[in-house]
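Undergrad: Build out the structure end to end from the sequences listed, making use of the hints.
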Amino acid sequence: MKKAIISAFGILYHIWYYLVMALVILSIFPFIYATSRKPEDYPKFFKWARVWAKAVLVLMGLRMKVRGAEKIVEGQQYVICANHASELDIMMALAIVPNPFVFIGKKELASLPLFGYFYKRTNVLVDRKSVASKRRAMEMASAKMNTGIGMCIFPEGGIPNNPYLAPFKMGAFKLAVEHQVPILSIAFPDNRRHFPDFTKGGFPGRVRAEVIGVQDTEGMKEEHIMALRDQTFQRIFGALNELR
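In terms of full-length UniProt numbering, the sequence shown opens at residue 1 and continues consecutively.
Hints were generated in silico from the structure; no laboratory data involved.
Fair warning: there could be bad hints in the mix.
Per label pair, the in silico range of CB-to-CB distance [claimed, not checked]: (1) VAL214 with PHE9: 33 to 43 Å; (2) VAL214 with TYR117: 29 to 39 Å; (3) VAL73 with LYS47: 38 to 48 Å.
Ideal Cβ positions, reconstructed from N, Cα and C, are used throughout, including at glycine.
TA: See the structure below:
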């Protein structure tokens, strides 16, 4: 009985989430449409994306508690790496980091009404089953980084079944070293519990985030990429263990 109640509430909570997403997008539609048409206007679009993210979190009844935000240097380009635990990770990253960035994300999200339209216009989409798509995504991400825009990548490559952390893929770290851009690591310990899969529950409350810190890549070369990946994994894994 308890499991059925949790499942039912989870379904309702997810329906509310998608309604909120759509309603907030509609409320700011003229602004995000106008600023999504040209690549040079992306910093303006990004400001509205942050408004959207914060509004969705508030209307979902989720209160962010962020530790370490002072480590983010205004105006600095980053490759942001975080554990991927929930769809909330997107909103949380946007709400926390004020410096413009785009996501490398799965192409399936482009099919969502309203959200998908802007998602595919402004981010880098990848088909995880296609090697060619992954290669193109890395090329597109590199081109965007050449314009000074940061990149947010969930290096697990998807939301894993492992409640802690799945092994990291190399893409984020290759980009960071190629462009000599620092890694900004963030841990989301609560998102899976507050907003899991559709029928697994979910509830409002406090969602914490830990801005772990910055790893400088200046002077690094290809032979340093694996060590950078492993160091980032250990930093995020350690933060998740501490917060849980």
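Undergrad: Lying within 38 to 48 Å: is that true of the beta-carbon distance VAL73 to LYS47?
TA: violated (18 Å)
Undergrad: Are VAL214 and PHE9 spaced within 33 to 43 Å by their CB atoms?
TA: The hinted range 33 to 43 Å holds for VAL214 and PHE9, with Cβ atoms some 39 Å apart.
Undergrad: Return holds or violated for the Cβ distance of VAL214 and TYR117 against the range 29 to 39 Å.
TA: For TYR117 against VAL214, whose Cβ atoms are near 33 Å apart, the range 29 to 39 Å holds.
Of the numbered hints given earlier, the model fails hint 3 alone.
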